[in-house]
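Asks: Okay, here's what each chain looks like letter by letter:
Number of protein chains: 2
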Amino acid sequence: MSDQIKIIPGGVTAAKGFQAAATAAHIKYKDRTDMALVVSSEKCVCAGTFTSNVVKAAPVLWDRQIVEAGGFVQAIVANSGIANACTGQEGLDLCRMEAEEVASRLVITPESVLTASTGVIGMQLPPDRLKAGIEDLASSLSDSLEAGTAAEKAIMTTDTRPKEIAVTFEIGGVPVTLGGMAKGSGMIHPNMCTMLSFLTTDLAISRELLQKALREVVQDSFNMISVDGDTSTNDTLLILANGLSGAPEITSEGPDYALFLEALHTVCCDLARKMAGDGEGATCLFTCRVTGADTKEHARTLAKSVICSSLTKAMIYGHDCNFGRVLCALGYSGVSFDPAHVDLYFESTGGRIHIYGDGSAKEYSEEEASKILADPEVIALVDMHMGAEEATAWGCDLSYDYVKINADYRS
Amino acid sequence: MSDQIKIIPGGVTAAKGFQAAATAAHIKYKDRTDMALVVSSEKCVCAGTFTSNVVKAAPVLWDRQIVEAGGFVQAIVANSGIANACTGQEGLDLCRMEAEEVASRLVITPESVLTASTGVIGMQLPPDRLKAGIEDLASSLSDSLEAGTAAEKAIMTTDTRPKEIAVTFEIGGVPVTLGGMAKGSGMIHPNMCTMLSFLTTDLAISRELLQKALREVVQDSFNMISVDGDTSTNDTLLILANGLSGAPEITSEGPDYALFLEALHTVCCDLARKMAGDGEGATCLFTCRVTGADTKEHARTLAKSVICSSLTKAMIYGHDCNFGRVLCALGYSGVSFDPAHVDLYFESTGGRIHIYGDGSAKEYSEEEASKILADPEVIALVDMHMGAEEATAWGCDLSYDYVKINADYRS
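Chains as they are written, first to last, in this note's numbering: chain A, 7 to 417; chain B, 7 to 417.
In short, the hints are calculated from the structure, not lab data.
Since this is a predicted model, take the numbers as computed values, not measurements.
All C-beta atoms in this analysis are idealised placements derived from N, C-alpha and C, irrespective of residue type, glycine included.
There may be inaccurate statements among the hints.
To be verified - DSS-like, lysine-lysine: derived pairs with alpha carbons at most 30 Å apart:
id : chain 1 : residue 1 : chain 2 : residue 2
1  : A       : Lys377    : B       : Lys137
2  : A       : Lys368    : B       : Lys34
3  : B       : Lys368    : A       : Lys34
4  : B       : Lys410    : A       : Lys377
5  : B       : Lys137    : A       : Lys368
6  : A       : Lys34     : B       : Lys137
What the hints assert, rightly or not - Quick look at which bits of chain B chain A covers, simulated, 3 or more residues with Cβ under 8 Å:
id : segment
7  : 91-102
8  : 125-138
9  : 324-336
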């Protein structure tokens, strides 16, 4: 990370002019918050990327239409518990109803309100509870950092930790802030983007460049994580930019755009890593870093294949250096290579060890390897010796709790 | 299945002229058999399909070379415990040594001996134990059905049940027998073929047609199962035909070839289903049958996506009708369709229930759905209403025991 970018406390309310609120609307959960509202005092340019799943949730259809229309956006309303997916026309009508409720309370247009949902697929949202929740949210907005965290907590499902970050950097000598929040943690295998992540910034930037930056950064951040290989029906990544920093507007690519791109990369990779490390049932953030690949796309494919394998994930959970599973996952990734020219290392705070090279196992201590794999963050380093391209993918181990959570999810 | 094909007892020793043996060679396991030998009294034409994994085990490299050379084959020697994968030149030398040992005891050529291994990747096989094992196997060959079952049991790893089948049918009025055995049960996501499966027949058939038939049948049998999405380094499917039935040789496509193709399909689907149902930790055989697809390839892709999803698998384990996960898995399969035109049913011996249609959930009893999902064999029926193509894929549920088995596999 460049020293021009500094991490600061906060999340979606870190940037100027953004407020948030959370409430317990009893959509499906009891005794916890389950609705959140993020609002900008000024109109925002907005960019978004959405799930590539053919089965798209109603809020994804609603948001995509608004983002593609290119109008200004001012609010995001989100709920947890029910995903509003596989809900037909009734589900779409509920998105419009939500947007209209928010719009009437904030005196803005329904077309400037984005909606998002996460939870069980196939159930309908309860309209009366949504309305009551929105009334409550609109009357309790705050620009405090705590309000941002509260909003993030309200959209968590099986997440165990809230995920937020904010950074600051200067454009034309003026400080600009970019913050964001995200939630996982099951059905995570983003293709176009992640489950739910909302970013806010007081940067002034054209809509075209904002969308371009988001598309570019998502490739090496959210699209490089996987918890269980299931690409959700609801994946939504949104960024709202309201221009309140006072910094000059970015309207072309150049050093300012490059700096923003790096700040966005920092924020997205941080949230993506947090999502992977807090995957359902996870006890370990399992990272695979591939170097020496012949193309960037091959590097990404190889890294992702390793962290997606049920067998490598179970190996990490068991702290068992059954390294052949890593080679196996590289081998079926679809990328062609010579196994005799691959080097594999495992690394963690417990140390670093050379496991495989020249076509077979290196001499290493099983005890030392097991110690390295017992760390809460384990990295598999793979050098392909084929070129200069690199990629990193983030996943997690496969534990009893993943099964427990997903066998009992609705009960 | 046509009434021209009858299932009979037995496996690899059911066909005329085939013998088998098993022994405890102490390769890695204690207190069980771990080496098997299958031998034909006559030279056989042979066909095979092998793993598509770039990282191929040494016995895969050995066998592929022999099958492609097109010579006659007379024996298969196999071991469990160590996979002889990621073992470099030393691993290949051990395959040749095994073939030479078998050849010298049976007075055949080393090039007519195929080898196969399954177990831990990255460890070297112990040469002395292999030699002693082969000596023992060669002196205890038998054509009894029990010998076939014993050979199958010797190559099991985490399998809980032996998998074998035999069928008989008539060619030119003469009874012909086709039998086979297979082992799973982890790292199962065959692309070219399955983990290890050996088929034997006393049919007379040209090598070209035998290979063609095997390639065709594998598409809708072994290639349609998945336990954990990991395509092994060792997948090997072999068929040996010794011609001893006395039936006229099949040398061209026609009714006889079609009947053989159907018999081969019966045997391969049976073994594939058994492999899926005995997946690591499985409590349920989970089948997805897709009908009404626009192309055969799309039908296969959709069916496989459903049985490969960690979330559908956990849902089956929990007997929880969280049907949105099935829609979600169809949606990210890569096949394009309109979710509003899909019908989904669940079926088992417990009954059949219409779950989803017209874009949202149907009215159904959760209690009844849960009862259907509690069966040891559950079928998800998906009608795409786009065409007339169909496909069936077989998988299993995801249980605590899958994690337990794979976190502790080497210990």
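Asks: Hint by hint, note whether the structure agrees.
Replies: Against the structure, the hints come out as follows:
Pair hint Lys377(A) plus Lys137(B) does not hold up; C-alpha atoms about 36 Å apart against a cutoff of 30 Å. Taken as a hint, the Lys368(A) and Lys34(B) pair is honoured in the structure, with Cα atoms around 20 Å apart against an allowance of 30 Å. Distance restraint check for Lys368(B) and Lys34(A): the Cα-Cα separation of roughly 20 Å lies within the 30 Å cut-off, and the hinted pair is therefore satisfied. Simply put, Lys410(B) and Lys377(A) have alpha-carbon atoms about 19 Å apart, close enough for the 30 Å limit, and the pair holds.
Between Lys137(B) and Lys368(A), the direct Cα distance comes to roughly 26 Å. Compliance with the 30 Å bound is thereby established for this hinted pair. Restraint check: the Cα-Cα separation between Lys34(A) and Lys137(B) comes to about 64 Å, which exceeds 30 Å; the hinted pair is violated. Counting residues of the segment 91-102 of chain B whose beta carbon lies closer than 8 Å to any beta carbon of chain A gives 7, which meets the minimum of three for the stated coverage. Judged by the Cβ-Cβ criterion of 8 Å, the segment 125-138 of chain B is covered by chain A as claimed, because 5 of its residues qualify and three suffice.
Counting residues of the segment 324-336 of chain B whose C-beta sits closer than 8 Å to any C-beta of chain A gives 10, which meets the bar of three, so the coverage hint holds.
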